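Residue numbers (the UniProt record's numbering), protein chains in the order written: chain A, 1 to 232; chain B, 1 to 232.
Fair warning: there could be bad hints in the mix.
Chain copies aren't distinguished; within one or between two, either way the pair holds.
[To be verified] Cross-link-like lysine-lysine pairs, in silico, DSS-like; alpha carbons within 30 Å at most: (1) Lys97 x Lys7; (2) Lys105 x Lys76; (3) Lys3 x Lys105; (4) Lys105 x Lys95.
If you're looking for bench data, these hints aren't it; they were derived computationally from the structure.
Keep in mind that this is a model prediction, so the values were computed, not measured.
The primary structure of each chain is shown beneath.
Number of protein chains: 2
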Amino acid sequence: MVKGFYKRVLPSPSAVDFVSSNGKKLFLEAFQNGTMQGFNSLISYFQTQSELTYCGLASLSMVLNALAIDPGRKWKGPWRWFDESMLDSCVPLEKVKANGISFEKLVSIAHCAGAKAEPFRASHSTIDDFRKYVTKCSTSDECHVIVSYYRAALKQTGAGHYSPIGGYHVGKDMVLILDVARFKYPPHWVPLALLWEGMNYIVESTGQTRGFLLISRPHTKLDMLNFLDSNS
Amino acid sequence: MVKGFYKRVLPSPSAVDFVSSNGKKLFLEAFQNGTMQGFNSLISYFQTQSELTYCGLASLSMVLNALAIDPGRKWKGPWRWFDESMLDSCVPLEKVKANGISFEKLVSIAHCAGAKAEPFRASHSTIDDFRKYVTKCSTSDECHVIVSYYRAALKQTGAGHYSPIGGYHVGKDMVLILDVARFKYPPHWVPLALLWEGMNYIVESTGQTRGFLLISRPHTKLDMLNFLDSNS
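Model the full assembly from the supplied sequences, consistent with the hints where possible.
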């Protein structure tokens, strides 16, 4: 007898499936409104987490490819390219495979990979900050937001999870989560406030809240100096 | 010294980058026109070919997930899900890894995986047929087209390649290729007639032309009987 699961049903009405007619309607409205500007680049590198504990690495790998950051070494054949296996410079992959990855470690891996990564803990930020950065990255190609949240707050099965944000619908105040656990949930729209609730949960092992990461190319001279400093 | 390539430049003007402003314009027009109906489901499972010879398997895996075909066995943990490693039922993966995959073998793997797969060789079909099926699948969620083509005809580097079609722009008669060699080319729009030229090239080893596959769920009783017949 075959056991296991073929996906999970998205909790309704809090989540709207990207593939549903309502999901497509939200998408078209947001696209026309100019708040899906980062979508084309990010979706071009949408990937499935290759291990059940690799949600952080898969989210980061997508964003690095979307930002056209060159890993500076080969993936396969002659090709320089990011996937999770290329994110082994600062934290051993076996450790991530066993335990997943903390918020701080993901930030340091992003730095090691050549990106600018700004972490925001929910406890040291506000929902208005979050909305501001989601708006900023959904109206340009220059940054992407990765969220760290507690799935149960969204009535989803599972615990802590990372995924990137694919766009924003201003009128409905909803974000498109490009869930890297694609074997479980399709991309879906959720109210930004509900996602914020999921980010504001305390992680028991650390006593700290979850939050979000703002990832971009280190393009200014000051950024480059900070980057070199943090990696020297 | 780092060698190899960080992507290839798309040949211009025959290809339009999906991420460029013109690519986004074509996308929005096609979306509004109703000829991107299969896009949301297919892009939700867009993946990179995990080996340099796996373009056929990656294209098929995307389409199987987009059609919500259950592999009936587990991928990782409790999850039933397709990636290239799950397409090992009829042709040994080691053989595909060494030599890539022929048109016929890809059809039989699609059948083995539980899909309906209709092959069309360019030599036994017409550009009008191709346009008809591209239109059919871009105006519904019920089928997807995988093309087998010769890259050089599109002025791209490389030889034979498979990728799925993500949508169609009627006015410009252009298709969106979701190139699974994402380390090489981003998704791009190309004139349907140019792609047809690439499909109409003869493969030296077989003396036959390339072509396209129409993939769908085997939903009718007759389809199921045909499917069972071809797998008994």
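Outcome of the hint check:
1. In this homomeric assembly, Lys97 and Lys7 come within 30 Å of each other (Cα to Cα) both inside a single copy, at 22 Å, and across copies, at 29 Å.
2. When the C-alpha separation of Lys105 and Lys76 is checked against a cutoff of 30 Å, the pair qualifies both within a copy, at 26 Å, and between copies, at 25 Å.
3. In the homo-oligomer, the alpha carbons of Lys3 and Lys105 lie at most 30 Å apart only across protomers (29 Å), although the nearest pairing inside one protomer, at 35 Å, exceeds that limit.
4. In this homomeric assembly, Lys105 and Lys95 come within 30 Å of each other (Cα to Cα) only inside a single copy, at 11 Å, whereas the closest approach across copies is 39 Å.
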